[in-house]
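Colleague: Those protein sequence lines, which keep their order, are chains A and B.
If you want the numbering used here, it's the position in the first sequence, counting the first as 1, plus 13.
If you want the numbering used here, it's the position in the second sequence, counting the first as 1, plus 1.
I should point out that these hints are in silico values taken from the structure, not numbers from a laboratory.
Among the hints, a few may not be true.
Heads up, simulated DSBU-like pairs for lysine-lysine below, C-alpha to C-alpha not over 30 Å straight-line [said to hold, decoys possible]:
(1) A/K115 to B/K144
(2) B/K303 to B/K284
(3) B/K150 to A/K115
(4) B/K313 to B/K303
(5) A/K26 to A/K115
(6) A/K115 to B/K30
(7) B/K144 to B/K125
(8) B/K92 to B/K195
(9) B/K314 to B/K303
(10) B/K313 to B/K195
(11) B/K30 to B/K327
(12) A/K115 to B/K92
(13) B/K195 to B/K314
(14) B/K92 to B/K125
(15) A/K26 to B/K125
(16) B/K92 to A/K26
(17) B/K284 to B/K327
(18) B/K313 to B/K284
Where chain A lies over chain B, by a calculated footprint (3+ residues, C-beta under 8 Å) [claimed, not checked]:
(19) 63–76
(20) 91–103
(21) 114–121
Calculated Cβ distances over 10 Å to all of chain B for the following chain A residues [stated by the list, open to error]:
(22) V84
(23) I93
(24) L156
(25) V159
(26) P170
(27) R202
(28) I219
(29) D220
(30) E225
(31) P228
(32) F244
(33) L270
Computed from a predicted model, the values in this text were never measured in an experiment.
Glycine residues also receive a C-beta, built at the ideal position from the N, C-alpha and C atoms.
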Amino acid sequence: MSENGQLRPVVEKGWRCGFANLLRLENQRWWSTRRWWVQCLVMLVILNGLLAYGIWISPLLEPGERPPDFVAGTLDVVLIWMSILSVLNTLFMVQSAIIGEKQSGVAAWILSAPVSRSAFIIAKFIGNAVGLLAATIWLQGLLIYVQFSASEGRFLPILPIVTALLLQSQYLLFYLALVIMLGAFFSSRAPVLVISFAVLIGQPFIDNLAAEFAPWLSWALPAKLPELARFAHRWQPLPSYSSIVVALALTTVFLALAIWRFRREEF
Amino acid sequence: MKMNALDPDSMVINAHNLSKTYNSGKASKEVFALRSLNLQVPRNSIFGFIGPNGAGKTTTIKLLLGLIRPTGGSATVLGYDIVRESLDIRKRIGYLPQEPRFYEHMTARETLRFKARFFYSGSKECIEDRVSEMLELVGLAEKADRPIKGFSGGERQRLGIAQAQINHPDLLILDEPAAGLDPLGRRDVLEVMKRLRQHTTIFYSTHILDDVQQVSDAVAIMNRGELLVQAPLDQLLTGRTQNIYVLTLMGDARAAQARVEHQEWVLSVRVAAEVDQTRWEVKVIDDDIAGSRLLRLVLEDKDLRVVEFGTKKYELEDIFVDVIGKGKNV
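Produce the entire structure from the sequences given, and follow the hints as far as they go.
Modeller: Take a look at the structure:
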């Protein structure tokens, strides 16, 4: 058993211990398996496929007959579908990311190596965030932009669409952090899915109730982010920034709670 | 018989009153998983940590690894505190879980590569060399590129040992390394442990006593969360054999028995009649006198044939049953 002098000990300290390796693993799970192209393909068929069908295959209106807000109106619909699908996709893809490894014993095995528990959670968040955002929002957004530009025969302004996609991304990250936090707190998938769906379905109810009595609360809901995207792609001033701030704060709190809980987990 | 007198600096594991309790759910009702464990594991030993199921072996190992937190006492591994310096400990140890679980989609090579990168950076070739070395060590080179989901229990166990050894640890902690394996699998695992003993300290839990007797230098016996015995294996075995002699005789042994029983250095003679033979267990006070006189005394009877003579050989199993049965602290 000869010593191999060229191996250099890893020098990561504190919370970063094991982070690089875990992030590499999470990225590999996205990009070295079928996962990324299956995700891309499903979203491509649903979002860009329907859009292509509407624009190219069975156009209800010829380009010359389209109203001035045809692109904006169609984009509204596409972005709503994007927000719904990307969030549902996040819930189903990530629900077992932590629980599955806790149940199988893989988490205990990993944590017996020099790995900080914070690194475990952060790597899960970043790795899945990159994969989900790329496959379900940004690649789709790029193709949507290309389709609309080709349909209109000119390049559409890119900044409004990028801003709208950023808001969609924040919406996805909010749910991603929520699912990861729930995975750290619970040891079975059922409560993770039930609570996530309760948050997803409950927000429109709160929105309806609050719209009349407390409009400020209505605009503070993360569920308003896709609606803000409508304003963004039209390049109109946003009616409120509350939901952006609240979603950002909640995402941070969820991650902090996930780390706090996971550091107390006994395996 | 404990090793408290040994120099603490030469110990890789040093536990002082280490305890772990769980709330049972009922008000003010606590369940002790581990009760005031005082354990010292000497450097460069193969240390068998034995006990029946539920004895507290896995709890102890998880405490040492930082996978669970103690509710009382303290412990150091390689001089690092198990609570405050767990990451430093895990940089220098290797661990095989009781039921090794890996990413099923990965191959053995990918698993070892993944584990190696927690410890090392450097060129890909260097990492691959280390991975290949470990695959050779445990005899998995030919199956290195097959997904783990197709591995047998023995192959998983060997992969578990390989990944535990990937960083050439100063301390290797193996939780039931041979559990669930067939005799050949067990033999393979013990062979690997024997090979590794030149390089590292091995602390392993098991309930297979034959294995312990084959490879261990020292043992600790646990039961119901308590340490009952801790001692070097040879001391444990010979410490109990020095005062009992075993003789197997052919012929009428009654006269010889009477002569022996009259000696003042003889405490008792236990007789068991077998077919054509008589088996004695002679308990003596003075081992030296017995060694020189006992056989002569028996052979004074010309018609008596001595088929077997020697000190009683205890098996670890005898001691284990005795200690667990009496629940005694030694």
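Colleague: For every hint, state whether the structure bears it out.
Modeller: A quick look at each hint next to the structure:
1. A/K115 to B/K144: holds (27 Å)
2. B/K303 to B/K284: holds (24 Å)
3. B/K150 to A/K115: Holds, because 18 Å separates the two Cα atoms, which is no more than 30 Å.
4. B/K313 to B/K303: holds (25 Å)
5. A/K26 to A/K115: holds (24 Å)
6. A/K115 to B/K30: holds (27 Å)
7. B/K144 to B/K125: The hint holds at about 20 Å.
8. B/K92 to B/K195: Holds - the C-alpha atoms of B/K195 and B/K92 are around 23 Å apart, at most 30 Å.
9. B/K314 to B/K303: This hinted pair holds, its Cα atoms lying about 28 Å apart.
10. B/K313 to B/K195: holds (27 Å)
11. B/K30 to B/K327: holds (26 Å)
12. A/K115 to B/K92: holds (22 Å)
13. B/K195 to B/K314: Roughly 24 Å separates the two Cα atoms, so the pair holds.
14. B/K92 to B/K125: holds (20 Å)
15. A/K26 to B/K125: holds (22 Å)
16. B/K92 to A/K26: holds (11 Å)
17. B/K284 to B/K327: holds (21 Å)
18. B/K313 to B/K284: holds (10 Å)
19. 63–76: holds (count 6)
20. 91–103: holds (count 8)
21. 114–121: It holds, with 6 qualifying residues against the three required.
22. V84: The assertion about A/V84 holds, with a minimum of 43 Å to chain B.
23. I93: holds (35 Å)
24. L156: holds (30 Å)
25. V159: holds (34 Å)
26. P170: holds (44 Å)
27. R202: Nearest chain B Cβ is 18 Å from A/R202, so the label holds.
28. I219: holds (36 Å)
29. D220: A/D220 clear of chain B: closest Cβ-Cβ about 40 Å, beyond 10 Å.
30. E225: Label holds. Min Cβ-Cβ 46 Å, cutoff 10 Å.
31. P228: The claim holds: A/P228 sits with its nearest Cβ about 46 Å from chain B, beyond 10 Å.
32. F244: It holds; A/F244 is separated from chain B by about 43 Å at its closest Cβ, greater than 10 Å.
33. L270: holds (19 Å)
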